[in-house]
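Asks: In case you want the letters, here they are:
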Amino acid sequence: MAVQLQTAHASLAERLEARGFTRRDFLKYCGSLAVMLGLSQAAAPQVAEALEIGEKSGKLLPVIWMEGGSCSGCTESLAQTNTPDIAELVLETISLNYTETLSAAAGHTMEQARKDTIEAGGYVLVYEGAVPTAYDGNVLMVGGEKGIDSLAETAEKANAVIALGSCACDGGWMAARPNDAASMGVQKFLSDKGIDTPVVNIPCCPANPEWLVAVIVQYALMGTLPELNSKNEPVEMFNQTVHDNCPRRGHFENGEFVYQFGSAEEAKGYCLYPLGCRGPQTFTNCPITRWNRSLSWCVEAGAPCIGCGNINPMHPQRNWVDESTPFLQRHRDISLGDFHFQPPAAALAFTVLVVGVLAVHAVGMKVAGRVDGGADFEPERRWDVKHGTPAAHEAGACAAKLYDGLDAEGLEPKNIKRFRRIREAKKAGLDPKAALGFKVEHASEEPAAANDDAMKGGEE
Amino acid sequence: MAHMAHYREAHPLPFVITHWVNLVAMIFLILTGFYIHYPLFGGVMSLARGLHIFFGIVLLLNCVVRMVLAFFIKSAPAPGTRELVMDYKTWLPQRDNKHQLWAWISYYLFLRRDHPIAAKLGVPQKIVYLLIPLLIFFTGYTGFCLWGVTANWGFFAVGMDFLGGPMKVRILHYFMMWAFLVFMCIHVYLSLIEGVSPASLIFFWKETPGLVYDPETMNIVGFDGMGEEPDYGETFKEKQA
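Chains as they are written, first to last, in our numbering: chain S, 2 to 461; chain B, 329 to 569.
This is chain S alone, in the form it adopts within the complex:
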């Protein structure tokens, strides 16, 4: 195997290089894939031959690769893999019986190949893209059949489903607000349908092909799925944050940050945290596996992590896009209906409002003459005045007498004249409010005079 790997690798290096990134080269590679499968580039009979290989040979793991609401980016990403190379993958470990992007064949022949594989059983389904469920699934048709029906049909009989890419995991871009297509991830869709085929989620946009290859190879060679976390992701690949393994982590700890693209700090390769890097909350091992044949990855290439691996498989409304946008802000936007805003702005606005209310209240307190010691105490609790026991009334009467005594002694200087006027008005049977004529002039003048008296004897 190792020798085969080496030779295969060596022979493929030139082809991969020749492949480049253009569509034309990519299509050529699709043709070469068919050739590697033992087919000519052209027609259905050859695809049928490929299926025969899969059916007849027990050691090849049949794989169906379906696409839902997808940009084919994950397929494209897989086409860049090198360990093992796609050819190695296809020839040595799996029989890729159905793939919409890479197969040379199309139409009913392809659909028949899928159905034959389902009938034969013992296959793995790789699903790329979101599952759009709006209009009873009529938003996505493949071969005259609803996408959700063919997914359910294929997943039900599969040994395992690999949801490849964040769209397949939680709806991703497709499920992003307003999610008119009612998209969701495969796991939730199957769970809603009551299909209990195990689902392995491999997130990111696109998914790193090395993760897929690792899962497939494990399944093909050992017949087991990797250990999964609470999001059904392989634990080993998704238990640490991007931040944990980031090559720029040292700059983070030192407090060396990039605040603006195109700045001197950016040229020095400082930490991208202030530009909204989602590394601290994104659980993937991107900095370890890296991308495009381990050449580089987002942060290494100078872009802050946008959190594409931050999936919520069972909650499409928490898809990673809505959870992370706007990408260059520290926080996602939060929404009240159609109104979207940043949490700091909302928090600041609310706090300013509170402080404003307090300021107005303070003016009111000043006007009411309560600032320097508060208003006068009630002699008896109001509730007691109406509902209290005779003992309470007696205590209240004592307190009222006490206040009068304090007045006489000049011991309770604050607002006491005003308070006494109320009591006198009550005694005289006048309307206390009218007698008091609660005026700003009264409230502010008298306490000031009274305070002068108090200052002679006591301290505040």
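Simulated from the structure, these hints should not be mistaken for laboratory data. Beta carbons: idealized from backbone N, C-alpha and C, even for Gly. Check before you lean on any hint, since a few could be wrong.
Restraint-style ranges between C-beta atoms, simulated for each label pair [stated by the list, open to error]:
| hint | chain 1 | residue 1 | chain 2 | residue 2 | range |
| --- | --- | --- | --- | --- | --- |
| 1 | S | S73 | B | L368 | 39 to 45 Å |
| 2 | S | S73 | B | L458 | 55 to 61 Å |
| 3 | S | V361 | B | L458 | 25 to 31 Å |
| 4 | B | R423 | S | A346 | 43 to 49 Å |
Restricting the straight-line Cα-Cα distance to at most 25 Å, the calculated cross-link-like pairs of lysine-lysine (DSS-like) are [as the list claims (entries may be wrong)]:
| hint | chain 1 | residue 1 | chain 2 | residue 2 |
| --- | --- | --- | --- | --- |
| 5 | B | K426 | S | K402 |
| 6 | B | K426 | S | K232 |
| 7 | S | K387 | B | K426 |
| 8 | S | K387 | S | K428 |
Let chain S serve as the given structure and place chain B on it in line with the hints.
Replies: Just chain B, lined up with the frame of chain S:
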């Protein structure tokens, strides 16, 4: 002139200390938290995170200590008295609080002119203060959900899932900080607006003269000048004579 006499019995020394610890920890947490949220200037991220985690743990422990001490230390159930009850009782609804919720609200809305008689903690105050430990524990919990060292512990991982993932938890944690900030604004405002007596007691353990309260009859019965001014009222009948 302070209205009620402010006695040390209202805030025994250990609680003065826990209040100081709260203040210092919260100030550090807010400053370092703002820095971690968005480092306006470079250079001290390690320090900021270290302090943030340290003071977060200090705040949590302090809160626990304060709650435990409430069952071992006695304090006055109302201002204006030196009588003592077990401190936790001053946190629960008291006889003195009865029928006083609307009294307090209407007082602060200027719907009445006279000051309600109340326990050490007024009704709205008591409700808000009782929420503070919950706020501290919840904010601490979300903090541990976000801290790499503890994020993978089952107890915190469950919360992370339940609350909707790291971004939601981050925003919640952030909003909790603002909740503290808003609380502090209101708390500082209300404790200072009628004079500095409450503040000088809780910070410097300094007593101030004022009215005397009888927890038995739940009424104001005298005036304690604390040597500065003549004492007056039922409590001081002997002096008057």
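Asks: A separate judgement is required for each hint: does it hold in the structure or not?
Replies: Outcome of the hint check:
1. S:S73 - B:L368: 39 to 45 Å: Since S73 of chain S and L368 of chain B have Cβ atoms about 42 Å apart, the given range 39 to 45 Å holds.
2. S:S73 - B:L458: 55 to 61 Å: 57 Å, holds
3. S:V361 - B:L458: 25 to 31 Å: For L458 of chain B against V361 of chain S, whose Cβ atoms are near 27 Å apart, the range 25 to 31 Å holds.
4. B:R423 - S:A346: 43 to 49 Å: With Cβ atoms ~46 Å apart, the hint holds.
5. B:K426 - S:K402: 24 Å, holds
6. B:K426 - S:K232: Cα-Cα ~51 Å, so violated.
7. S:K387 - B:K426: 14 Å, holds
8. S:K387 - S:K428: Holds. K387 of chain S to K428 of chain S sits at ~18 Å (cutoff 25 Å).
In this structure, only the earlier hint numbered 6 is contradicted, and the remaining ones agree with it.
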